[in-house]
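Protein chains in written order, with full-length UniProt numbering: chain A, 1 to 252; chain B, 1 to 174.
Calculated directly from the structure, the hints in this document are not laboratory data.
Using 16 Å as the maximum straight-line C-alpha spacing, the simulated EDC-like pairs for lysine to aspartate or glutamate come out as follows:
(1) LYS131/B / GLU29/A
(2) LYS74/B / GLU30/B
(3) LYS131/B / ASP22/A
(4) LYS67/B / ASP106/B
(5) LYS140/B / GLU32/A
(6) LYS74/B / GLU96/B
(7) LYS74/B / ASP99/B
(8) LYS131/B / ASP106/B
(9) LYS189/A / GLU168/B
(10) LYS138/B / GLU29/A
(11) LYS138/B / GLU32/A
(12) LYS131/B / GLU32/A
(13) LYS94/A / GLU32/A
Per the computed footprint, the stretches of chain A lying under chain B, defined by three or more beta-carbons under 8 Å from a beta-carbon of chain B, are:
(14) 17-27
(15) 31-39
(16) 42-56
C-beta: ideal position from N, C-alpha, C; glycine also.
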Amino acid sequence: MAAGSTGSNAAPTPSWSDLPADLLIIVLERLEFPQALVFASVCTAWRYAAAAAGVPRSSVPCFMSWADPAHEGYTARGGLAINCSLYSLLDINKAYEISFPRRCFVACCGASHGWLVMVNELSNLVLYNPFTTAAIDLPPITDFSCVQAVYGDRGSLEHYIFAEAAVQETSYLGIWFYQKAVLSCSPSKGGDYVVMIIHRDSDWLSFVKAGQSKWTPVITSSRGSRDHYVDCAYHYGRFYSITLYGMVDDVG
Amino acid sequence: MAAPESGDGNNGAARMVTLISSDNTRFEVEAAAASLSQTLQLTILDGGGGGGDGIPLPNVDSATLSKVLEYCIKHAPAAANGGAPNATAVDRAELERFDNEFVNIDQSVLYSLIMAAHNLEIEGLQSLVAKKVADMIKGKSPMEIRRTLGFPDPTPEEQAEMNAHMLEYGWAYE
Numbered sequence: 001m002a003a004g005s006t007g008s009n010a011a012p013t014p015s016w017s018d019l020p021a022d023l024l025i026i027v028l029e030r031l032e033f034p035q036a037l038v039f040a041s042v043c044t045a046w047r048y049a050a051a052a053a054g055v056p057r058s059s060v061p062c063f064m065s066w067a068d069p070a071h072e073g074y075t076a077r078g079g080l081a082i083n084c085s086l087y088s089l090l091d092i093n094k095a096y097e098i099s100f101p102r103r104c105f106v107a108c109c110g111a112s113h114g115w116l117v118m119v120n121e122l123s124n125l126v127l128y129n130p131f132t133t134a135a136i137d138l139p140p141i142t143d144f145s146c147v148q149a150v151y152g153d154r155g156s157l158e159h160y161i162f163a164e165a166a167v168q169e170t171s172y173l174g175i176w177f178y179q180k181a182v183l184s185c186s187p188s189k190g191g192d193y194v195v196m197i198i199h200r201d202s203d204w205l206s207f208v209k210a211g212q213s214k215w216t217p218v219i220t221s222s223r224g225s226r227d228h229y230v231d232c233a234y235h236y237g238r239f240y241s242i243t244l245y246g247m248v249d250d251v252g
Numbered sequence: 001m002a003a004p005e006s007g008d009g010n011n012g013a014a015r016m017v018t019l020i021s022s023d024n025t026r027f028e029v030e031a032a033a034a035s036l037s038q039t040l041q042l043t044i045l046d047g048g049g050g051g052g053d054g055i056p057l058p059n060v061d062s063a064t065l066s067k068v069l070e071y072c073i074k075h076a077p078a079a080a081n082g083g084a085p086n087a088t089a090v091d092r093a094e095l096e097r098f099d100n101e102f103v104n105i106d107q108s109v110l111y112s113l114i115m116a117a118h119n120l121e122i123e124g125l126q127s128l129v130a131k132k133v134a135d136m137i138k139g140k141s142p143m144e145i146r147r148t149l150g151f152p153d154p155t156p157e158e159q160a161e162m163n164a165h166m167l168e169y170g171w172a173y174e
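Construct the entire structure; sequences and hints are all you get.
What follows is the structure, given as structure tokens:
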């Protein structure tokens, strides 16, 4: 099987699985994130090398950071795609750069069950799994009555009007419109998930179920007019919200 | 770190060293080229490898060594310039073309090369082959990678382990 070109003395069949770990890591450093996981699947030795190099696994929590698009080239319209780094919680010096293949996400407003809730360049939410690169589009931002789309002569989206007054660039509105997003379960393998979001200056709470095409607003009783939602969590089949004034609500 | 070889000993003629492969083939090469290897550089600075002595390399066969030396001879002038601040764009393009062509070889030769580069501590060659291997891996499934790199067929245990690992990320089987 070894190529005859290696000369007269029959070289032993080279075995890439026997490559020293430091060489494997040098190869690994040249792979982008999801490909590094494929690398780890190849054989046991490669899996150990990937673990030693700090390649995150979907079953282990990691810390994610990303560049603030407001500082990184927002001026280039539409060219403000963010990338992020995943840090191991066990060794903060091990970082893995992720560049999103779609290169169109402008912000991230949540992470649950191995999925990220990303904002795309049209300010719509997208569920994105960095481990598989699967993406699920959620209903558009124009679903909310406070956002109107303005189209140009040729039917292309020009910008949004927010609250019937403010003109917002299509990629900019989403950067501040969503405060937090939470998933009830993983959308992988047809999971029957619900996404709950806090949005519009922390004033609103809305949700969408798997497969639905519309956001449904949540009416809660406990908010005073000057109160805001600060957090939202899912636990045993129910979502709970908490406000700045400390009101906890079971939001179904 | 290394002193340039230019002012070394006998004027004009470059200093030569002899390297001996695992299958006892002797290679005579300029010390400057052999010194791309961190391991050899130390021996050469100590005055080794000259005359009839030769430096034995028990881990590198003649086919691999001649390939390694081809790389070293090509890269020696740029390395002697200390990363070549005065290299022209043409020189750099020529080296890049050489590098691309150089690693366009069978995976078994690539394996011998990266092992030799590792043993001899030739950093440039090591990263060149590593990059080539990464390029060969990109966009392939674990099974395709195994086939590309000539792995033996996985044992049932290995297969089960691979399946479990792939399942963790919800990847489809090939």
